Structure formats: C-alpha cells, structure tokens
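*Asks:* Sequence:
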Amino acid sequence: MTAFLLLLLLGAVSATFGSIVGLGGGIIIVPALIFIGPIFLGRDIHTGAAVGTSLTVLIITALASTLTYMKKGTVDFRSGWLYSVTSGPAAILGAMLTGSLPQQTFKLVFGFFMLMMACIMVAREYMKPRRYEWRTKRTYKDPSGVEWEYGYNVLPALGVGFGVGFISGLFGIGGGSLFVPLMVLLFSYPPHVATATSMFVILISSVLGSATHMLSGEVDWFSAAALAPGAWIGGKLGAIIASRMSGKGLLWLLRVTLILLSARMIWQGLSS
Numbered sequence: 008m009t010a011f012l013l014l015l016l017l018g019a020v021s022a023t024f025g026s027i028v029g030l031g032g033g034i035i036i037v038p039a040l041i042f043i044g045p046i047f048l049g050r051d052i053h054t055g056a057a058v059g060t061s062l063t064v065l066i067i068t069a070l071a072s073t074l075t076y077m078k079k080g081t082v083d084f085r086s087g088w089l090y091s092v093t094s095g096p097a098a099i100l101g102a103m104l105t106g107s108l109p110q111q112t113f114k115l116v117f118g119f120f121m122l123m124m125a126c127i128m129v130a131r132e133y134m135k136p137r138r139y140e141w142r143t144k145r146t147y148k149d150p151s152g153v154e155w156e157y158g159y160n161v162l163p164a165l166g167v168g169f170g171v172g173f174i175s176g177l178f179g180i181g182g183g184s185l186f187v188p189l190m191v192l193l194f195s196y197p198p199h200v201a202t203a204t205s206m207f208v209i210l211i212s213s214v215l216g217s218a219t220h221m222l223s224g225e226v227d228w229f230s231a232a233a234l235a236p237g238a239w240i241g242g243k244l245g246a247i248i249a250s251r252m253s254g255k256g257l258l259w260l261l262r263v264t265l266i267l268l269s270a271r272m273i274w275q276g277l278s279s
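Going by the numbering used here, the residue at position 205 of the sequence shown is 212; the numbering climbs one at a time, nothing skipped.
If you're looking for bench data, these hints aren't it; they were derived computationally from the structure. In this text, all values refer to a predicted model and were calculated from it rather than measured experimentally.
Here are the simulated lysine to any residue pairs, SDA-like style, with alpha carbons at most 20 angstroms apart:
#1 K243 with L15
#2 K79 with W239
#3 K243 with F84
#4 K144 with W88
#5 K144 with N160
#6 K144 with L189
#7 K78 with I248
#8 K144 with G166
#9 K79 with K148
#10 K144 with H199
#11 K243 with A232
#12 K148 with F84
#13 K243 with P150
#14 K243 with V214
#15 K243 with L74
#16 K144 with P163
#17 K148 with G80
#18 K144 with P198
#19 K79 with I247
#20 K148 with H199
#21 K78 with P198
#22 K78 with G152
#23 K78 with W239
#24 K243 with V20
#25 K79 with K243
#26 K144 with L89
#27 K243 with P198
#28 K144 with W155
#29 K79 with S250
Could you put together the complete structure from these sequences and hints?
*Replies:* Rendered as structure tokens:
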C-alpha cells in the first residue's frame, strides 16, 4: 500500500512539473523508479522496464495536458503533426536501443543528459530567440493581448522532431526538455505555445515508444497502474498552472531537482 501511494504521488508531482514546462515528467519518473524499486517494491526495476513504464505513463500525462491546452487554444497542431512525422519513428528506434545499454552505461549517460538539460534550462533564461525569416509563419496572441510571430522550415522542423523522438524512446522522458528550448530559441515560438505543442508531440511519440517496450515485455504494470491516476491529475493541473502563471519558481525547483538527480545517477554509474 505504501508503494502504491508513493507511486501515485510520484505520478502527480512529475506530471505537474512536466506539463508546466512541456517535459512530460519522465525525466523524474525514470530515475525514481530505478531508485525506489529495491526499497519499496522489493525488486529491481531494470533500465528497459523503467523507460517503458515511464513512456506508458507519459501517454496519460500528455493526453491530459493536451486536452487542457486545447481548450486554451495554445496547441499548434499543424506544426505538431509535422514534428511527429519523424519523432514517432525515431521514438521506436530509441526504444529498441534502450535494452542494449548496460545499466552502468545508462545511468552515466542519463545522468549527464539530465545535467545538460538543467544547464540548458538555466541558459534559456539569458538567451534571446534567434531571428530568422522562416518560410512558414504563424502568429499567436497571448491572454494579455501581446501578439507573437514565429515560424519554421520543413526540413529543420523534421530534424528537430527526429532528435526529440529518439531521445524520448531511448530515455523515456518525452523529449520535451530539448523540444521546448529548441522551439523557443530556434523558431521563436511563444513559451506557452511551445509547451502545449510539445505535449502534443510527446503524446504521439510516447504511444509509439511505449508500444515498442510493451512488445518487449519492458513495462512494470503495477508501477504504471499506480502512476497513471496521479499522472492524469498532474497533467491537467500542470496545464492549468502554466496557463495562469509564469511558473518561474517551479522552473527553478525543477532545475535543482534535475541537478540533484543527475548527480545521484552519475555517482551510481561511476560506483557500480
């Protein structure tokens, strides 16, 4: 019962954070499952199962968030489907490669990846979006009445989608930790549109990535069942919070969390 309640809370917290910034929450769920498995579940959850479980739960988080963002009108479905053309197949490829990584290697790579994402999220505060005349242009008027202009070209967008999808399938994190900064910095997306569209793409890639892990038997169904209700609530709650506030304090909390988790994963990888 303790394990179920802990996982329920983990699903809610990770989904809330993930939905606010467009990450999906898997970047918290994967290392957490690896850590708590031996302590609260009485068994190890190996790398493939942690990633597969995370991607399965990400479907719930992303669906809840996307439905809420749809009501706010912040999801750019046209560009979202474009990114999904390459992110979906890339997610399958990444998921197929997860099981080939030794546990020690996975912890090191994932730890350094989380550290890099934390640094990118800090740097994003001090970087201005690149100005470029993209062929496809969009406009968005935020709730305060400010009009944003952003755009993209098809080939760069497909390249971004592939990279995001591959990382999503490999690490089970949704890929939004790269997606949102790239959309904001490279294509000048408004932050709210980038976050909402990222969650839609995560929904598509997580369905394909998790299906690959399911076929390989790499899903811990008890953990998934416990995480799912919290993920649904957190996904909706995070989208509501993101629409009403900047979430700057929560962003810094997430950055600190990423740094601590990355340090733990790197330490375990080096000592194992």
